[in-house]
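Got chain A sorted already, so can you dock chains B, C and D onto it with the hints?
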Amino acid sequence: MRSLWIFPGQGGQHAGMLKDVDPALREHVEQMLDLKLLDTDVAYQDSVQLQVGIELLQVSQINSLKASGLKPSLVAGHSLGVFAAAYAIGSLQQDDLFPLVKRRAELMQGAYPEGYGMGVVVGMSRKQVEDLVAQVHSDEHPVYASNQNSEDQTALSGELAAIDQVVKLAKDHGATIAMRLKVPVPSHSPLMADVATKLSALLESVPLTKPNGIYLANNTGHAVRQVPQVEADLSGNLAHPVYFEAMMAVAHDYQPDSIVNFSPGRPFRKVLGQKFGDLHQVNLDQMSVSDVEFLLNKWERGTN
Amino acid sequence: MSNSFVELHARQRALALLDQGTTRELIGPFDNMISPHLEPQNIVPEADDGIVIMKGQLDGKDSVIIAIEGAFQGGGIGEVSGAKIVSALEHVLADNEAGHTEYPIIILDTGGVRLQEANYGLLSISEIHNMVIALKQYVPVIGLVPGRVGSFGGMSITNALLSYVIGTDKARIGLNGPEVIEQEAGVKEWDASDKNLIWNTLGTKQRQATGIIDEVVDDDVKAFRTAISAAINENKDSHRDQRGDFYLSLLDQLDPAKPLDIEGYDKLFKAVEVKEHHLAAAVSGSKPGTKSRGRNWFELLTGIKKAQSDVPTVLQAQAGGRQYIAIVPDENNRFPRVRHGEVGLQEGYTVASVVNDLIKADADKPADQKTPIVIVVDVPSQAYGYKEELIGIHMSLASAASAYARARQAGHKVVSFIPGDAVSGGFLAQGLQSNRLVALDDLDITIQAMSKASSARITQRTIAELEEATKHVPAMAYDIENYQKLGSLYNLIKGVKGYDSSDEAVKTVKKALDEAFKSLEGVKPDLSFRYTNDIAVEGVAGGRKATNKVRALMDAQWNK
Amino acid sequence: MSEARNWATHREAKAEKLSSVASLLNGKLAKTSDAKAILENLIAPGDKVVLEGDNQKQASFLSKVLASVDPARVHDLHMIMSSISRPEHLDIFEDGIASKMDFSFAGPQSTRVSQMIADGSLQVGDIHTYLELYARMFVDLIPNVVLVAADKVDRDGNLYTGNNTEETPVIVESAAFHDGIVIVQANEIVDKVPRVDIPADWVDVVIPADEPYQLEPLFTRDPQNITELQILMGMMAIRGIYEKHNVQSVNHGVGFNTAAIELLLPTYGEQLGLKGKIVPNWEVNPTPTLIPAIESGWVQSIHSFGGEVGMEQYIAARPDIFFVGPDGSMRSNRAFGQMAGQYALDMFVGSTLQIDQYGNSSTVTNGRLSGFGGAPNMGSNPTGRRHSTPAWQSLRPDNDPLGKGQKLVVQMVETFGSNKRPVFVDSLDAVEVRKEAKLQNVPIMIYSEDTTHIVTEEGIAYLYKTSSMAERQAAIEAIAGVTPVGLRSNPAQVADLRARGIVAFPEDLGVNRNQATRSLLAAQNMEDLVKWSKGLYNPPAKFRSWS
Amino acid sequence: MEKLHFNYAATEKIAHPVHIGVVASGDLEVIMKPTTNSESTLDIVTGSDGFKEVWGNVLTRFFDRYPLLADFEINDFGATPGVVNLRLTQAMEALKNE
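Protein chains in written order, with the UniProt record's numbering: chain A, 1 to 304; chain B, 1 to 560; chain C, 1 to 547; chain D, 1 to 98.
One chain only, chain A, in its complex shape (with noise of 0.2 Å):
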């Protein structure tokens, strides 16, 4: 098969959500890290908690799936599932996947004080919404228009009265939805840029190999097969917007014939109807692996 698989970041997270993990990879993680991972509403509202607890359900999953004699043709990671991306696609190794991701959730707990964090508009076009930050964005006062999660939904950062006036903007201006996010973190613009390059001193050292298929990079939306690219978008994805419709975009003139989509939640359903209509696709958020696997397995019989 012609696999998809998608990695989302944070917003699915749930209470309970570790309950299925592998026991034994998430002592191993615990160990290492020296981190014990709580898997409760409030233990998710620490970074660090929430980064490795949501890296440790798709790394579990992975293997999973892997055991089962699946493997992925394309990779997409939405930023913080581009680890998990990297890993399912033979690029970056499950013991040094870990420590990055704390050290990721690290620095961003430290980056930014009060103030700062992301919005949404839905229903302008990313040129629109850039023009209208354009009005608002100052030194003083930043805003960027940061990920493409579907033609019409740009994301924005920065610091939030600025957000606040784009999103008054949006709404004068035919905006379906504007509204901040529940982030509190500028994530995925240049005032991350000091955390990315910590994160690249920290990948330096890490032995990266080529993927074994299609890595969509976040930060450029391309599809790329080689190291070198791979790192770039580990250590910069913070600093730069998720292009995650252009991923998709380029993910569907690969001609995928499935996609799984890893947990949790399931943020991307709308864009990827959109892109891929009615493509088999399977949601580990909702099925076992065992269901997974059956369906994908059925599906290359041609059965259906």
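Simulated from the structure, these hints should not be mistaken for laboratory data.
Note that the structure is a prediction, hence the values are computed from the model and not measured.
Treat the hints with care, since some could be wrong.
[Claimed, not checked] One-sided excerpt, in silico: chain B residues whose CB lies under 7 Å from chain A:
1) Gly186
2) Val187
3) Lys188
[Claimed, not checked] Examples of chain C residues toward chain D, derived with CB under 10 Å:
4) Glu228
5) Leu229
6) Gly417
7) Ser418
8) Pro422
9) Thr483
10) Gly486
11) Leu487
12) Val494
13) Phe505
14) Asn514
[What the hints assert, rightly or not] Covered stretches of chain D, going by a simulated chain C footprint (3 or more residues, C-beta under 8 Å):
15) 53–61
16) 86–94
No residue lacks a Cβ here, since even glycine has one placed at the ideal position from N, Cα and C.
Positioned in the frame of chain A, the structure of chains B, C and D alone reads:
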């Protein structure tokens, strides 16, 4: 060229069937009878709430078309739409009772209950079932399933109750949609993305071959008119709700542990040797049965300890001059999909056989001496499974609903006692045909049209979002206290819980049941209590205000 | 006199290449497993290579093999392809096997093409119309190697290309007579081909493919998805264009608008009494939505660019209508089809994603360099043409004795796309794309000057009647709905344009909007088409929606 | 979901109420009722938020061409401007053809 019937919307379908110049629409789009429940939930309403009621003549015969608009909210039945159907059917019944022959024709294009008004929808559908059963004593009630949405959910039970059903090959019929089965029972039970399997299982071709639909016609207006006229003239009735012996025999000859495909089922269907089935009263056994609130109260109320029955999931016995019937879980049942107390193929037909036997036994008694019936309601849902749909579980539920309704209409007083869950199709079969609902005030009781997981999936929300959204909307809530705000309960018994077994608790419940039965003396054996009591009429926190508005408007418009 | 020139260097080079693979050939036949070695030996760095692949039929086996060759041996190829359709068509650029591309259509790969041009991994020669691309294979893009696909090949190397002959003849001809090498992938090797579509002596190497070539049911439109707006527009087009101009021959683009017209002819067209009067002759792929029109006697002839999956049996049973070989199966030819579109047809009707305020249209939108299919040829007006048909003549200006008629080029669009984005825009995205991709020309699909009519749900703009660009713009504004372009329209001007017949609304054409229902379609779903075809049409499984 | 209200100056009185369309996905229903007001009123319930300006444009264009004096009720389930215009003009035609 044919003149497509499927392509038409509800109003056009009604107009197309009736003779030109004879039509009159009742409670139409200019009457401002929109659903009060949709806008508060951010759903755009429709002026006719998706139901078209049209009087007129079909080939010169007075007829009333009830057409469901499948394109609006999937043809889902809510309070207004449900009340439009029920009140129209009531008038048709009254006209027929008064000697004015009038033929009701229902065009089904519906997924069943409208999720945003789930509790209203379920009530309405049970009221529709009641009217269809009553009407069949006078005229055939014809159903059409042209196709697009098809006929699903609680309305598939309606489908099974109708005298004669006509469809095209673009229609599908089933109780649970494949998506719901996949959600509830896993993708290995049924892969909802497998279009071929869906059409081969639920499509009318297969359904006609196995008695679920009576006639498949070309998608053509004239073909429908001709088929309807023939059905009326020949007074056709396939008695689909009274085939219990056939299906119980079929189930005896089926091994539920083995996979069953369509070919295998067709073979089995043709080879069934029909035997009569009667269920003996439960007796005290040596081992306790699978624990449940339904079993707990069946045993407490009948005094039969560790009750055991030839059909392990259905307990029946008479005690104190009353007939008690409960559907209970059986953790080792040979049908895996009923092990938690769900109403499956065997349960519906077995319950029907018990009630039918009782109706027969009491046939010659005057109404006030017929054995009263207590339905002990603890049904987490209907059974979700591939085999269940292939065989047609909706017919099994229909046979139970039909039996209870006919018993009530014949004069048996029927009270539902709800110590446990009352969900979806299970509730339609085992509970909603009673004239009095008496429940325990126990917040562990789930009462709704669909499980939370399925509802969340269909409405594309998380369970947490769903719970938040429904907490303050009685139309969609899952708890018994919100349910009471609709006015549907006769009595909410305080201070007793589902697993209580103290003498005090039993006494309280018995007293409540006595009182409920007493209230039925000299009362018309219909379901009107639900919308005529004070809570329902005043409708402060829900009630049946819109229902009553629809009913009044229908009264005013019927004979204009 | 200088030393005698060797006039046969190409021939000698070809002979030398072929001798290098002689040990791998049995006559012209190779083994599937030797495909890679054969390509590595027969293709030299820098060669011009044609890889067959249009929007339906793909030499998919050979393209996979080409993507697997050693880039150290085969690199910097100049690819010439009418369609970039498969992922490996671009993989060869990432791996350095190829570096330059001349093409027409890139719909299925349009995002990647944009990105690869932007990051320099793909160098574009030109984005051609089909006829330009084919023509230049005989002028300055003469191929060294061509890679094509056949259904059946006999042991001598005669090719049967059947229903989907398409562009195989023109490609093979460009190489076979200029000492290029012709390599064929075969679905099947047989003792005798049903008919010879390409003779063996034009062919050099035949390789049995590991699986049949890829074939997409590209022109199949499920009538289920035709909307009432499309039906209304179809009714307007039939009244206001087909009938008005007495159109006899037509090409329909791919889309639901034209599918609606095809399904309205036997119903609405019949009501108008137009049967036998309009559109007997078609240059169009055998689209299933034409079946009702054929069966009810509207159509006299259909010539096709290519085949259509599922239509084979139906076509074979209707030899009076289609072009079929003595074996009974259809013969298609894309080059001749395009030529007919340019020079023989009265009218082209198509659709697009964007139209600018002047009437230029394009399907290229931001981030997606899709190129174009047949539309640029079909939708342009060869100025040397001289026709006597009533349609052509009806566009001849009255006041000029030397004035020429014109081919009708009709664009049918809804004013807003399904994504609620306006179709009418001040400036095409294509203008931006040209800058980003550093193209010579703005990728316009059909130019304003060639566009004679635009149909929207609001009405028809008869652009050919306008006498100035300002008037042309006003006519477009009148039917452009509430798009930014349409909002410039004013009621007085609209009234004037209607009075002068430059703009027509449904009521001006006698079209009743309430008649625009799906019931008016001769077939409402795939099953109806199967019934119309008397069971001869066999739709692909994905279209199933009945029991 | 969003509720919108518009008023338009109009001159052509209507004699009967008229109803067109279904609240299906991508579609809408339009009801026009005779009015005693001096201008047309429109009450719109739409499932797509943020399109007030577009609605205004569609209605302005409609009333420029067909100044029907009536009370309008519109229930819209995400129709494109083209579909909105189709239903409005169909209602207009239904009145004229009576």
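Hints, verified against the model:
Because the smallest distance between the Cβ of Gly186 of chain B and any Cβ of chain A comes to about 6 Å, under 7 Å, the interface hint for this residue holds. The beta carbon of Val187 of chain B is positioned within 7 Å of a beta carbon in chain A (closest approach about 4 Å), and the interface hint is therefore held. Proximity of Lys188 of chain B to chain A holds as hinted, the smallest CB-CB distance being about 6 Å (cut-off 7 Å). The restraint placing Glu228 of chain C at the interface with chain D holds, with a minimum CB-CB distance near 7 Å, inside the 10 Å limit.
Of the supplied interface hints, the one on Leu229 of chain C holds, with its beta-carbon coming within about 5 Å of a beta-carbon of chain D, less than 10 Å. Checking Gly417 of chain C against chain D: minimum C-beta separation of about 8 Å stays under 10 Å; hint holds. Interface hint at Ser418 of chain C: satisfied, since its Cβ lies 7 Å from the closest Cβ of chain D, which is below the 10 Å cut-off. Taking 10 Å as the C-beta cut-off, the interface hint given for Pro422 of chain C holds, the closest approach to chain D being about 9 Å.
A cut of 10 Å between beta carbons decides the hint on Thr483 of chain C: the least distance to chain D is about 8 Å, and the hint holds. The restraint placing Gly486 of chain C at the interface with chain D holds, with a minimum CB-CB distance near 8 Å, inside the 10 Å limit. At its closest, the beta carbon of Leu487 of chain C sits 6 Å from a beta carbon of chain D; the interface hint therefore holds under the 10 Å criterion. At about 8 Å, the closest approach between the beta carbon of Val494 of chain C and any beta carbon in chain D falls short of 10 Å, and the interface hint on this residue holds.
The closest approach between the C-beta of Phe505 of chain C and any C-beta of chain D is roughly 8 Å, which is under the 10 Å cut-off, so the hint is satisfied. The beta carbon of Asn514 of chain C is positioned within 10 Å of a beta carbon in chain D (closest approach about 5 Å), and the interface hint is therefore held. Coverage of a stretch by a chain is defined here by at least three residues with a beta carbon nearer than 8 Å to that chain's beta carbons; for the region 53–61 of chain D and chain C the count is 4, and the condition holds. Under a criterion of three residues with beta carbons nearer than 8 Å to beta carbons of chain C, the stated coverage of the region 86–94 of chain D is upheld, 5 such residues being counted.
Checked against the numbered hints listed earlier, the structure breaks none of them; every hint is satisfied.
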